[in-house]
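Chemist: Sequence:
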Amino acid sequence: MATIALTERDHEQARAITANWVEAPALIVTSPYTRTRQTAAPTIARFPDAPVKTWPIEEFTYLQPAR
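Start counting the sequence shown at 1; every next residue gets the next number (our numbering).
No lab work stands behind these hints: they were computed from the structure.
Possibly wrong hints are sitting among the right ones.
Think about it this way: if two alpha-carbon atoms lie no more than 20 angstroms apart in a straight line, the pair counts; the simulated SDA-like pairs of lysine to any residue are [stated by the list, open to error]:
1. Lys53 - Thr36
2. Lys53 - Ile28
3. Lys53 - Thr7
4. Lys53 - Val29
5. Lys53 - Gln38
6. Lys53 - Ala40
7. Lys53 - Thr18
Have a look at the derived ranges for each label pair, beta carbon to beta carbon [as the list claims (entries may be wrong)]:
8. Asp10 - Ile57: 15 to 25 angstroms
9. Val52 - His11: 10 to 20 angstroms
10. Lys53 - Trp21: 30 to 40 angstroms
Glycine included, each C-beta is placed from N, C-alpha and C at the ideal position.
Kindly produce the complete structure, drawing on both the sequences and the hints.
Modeler: Structure representation (structure tokens):
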């Protein structure tokens with residue numbers, strides 16, 4: 001499981017994006033990865049009533065259709 005944390009700049013960007021949203025999202029989806037949870041954190045904090053789901057989304061390193 002990837003555990004690489006966001007940099008301070010990444011955190012700032014996530015906060016900046018969230019600050020521009022007017023309406024709560026219908027659903028906030030993250031993966032189990034640290035970076036996705038950290039990226040979603042400002043949105044979750046701003047819209048505490050929005051449902052949050054963690055889906056088993058994983059990275060891949062190939063683009064071949066046969067895989």
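Chemist: Next, verify each hint and record whether it holds.
Modeler: How the hints compare with the structure:
Of the supplied pair hints, the one linking Lys53 and Thr36 holds, its CA atoms being roughly 12 angstroms apart against a limit of 20 angstroms. For the proposed pair Lys53 and Ile28, the alpha carbon gap of about 6 angstroms is at most 20 angstroms, so the pair holds. A distance of roughly 24 angstroms separates the Cα atoms of Lys53 and Thr7; the hinted pair therefore is violated under the 20 angstroms criterion. As the CA atoms of Lys53 and Val29 are separated by approximately 5 angstroms, the hinted pair is consistent with the 20 angstroms bound.
Distance hint between Lys53 and Gln38 is fulfilled; the C-alpha atoms sit about 14 angstroms from each other, no more than 20 angstroms. For the suggested pair Lys53 and Ala40, the alpha carbons sit about 11 angstroms apart, so the restraint of at most 20 angstroms is met. Only pairs whose Cα atoms come within 20 angstroms are accepted, and Lys53 paired with Thr18 is accepted, the gap being roughly 18 angstroms. Hint check: Asp10 to Ile57, Cβ distance near 18 angstroms, so the stated range 15 to 25 angstroms holds.
The supplied range of 10 to 20 angstroms is met by Val52 and His11, whose beta-carbon atoms lie about 18 angstroms from each other. Distance hint for Lys53 and Trp21: a CB-CB separation of about 18 angstroms, inconsistent with the stated range 30 to 40 angstroms.
In summary, the numbered hints that this structure violates are 3 and 10.
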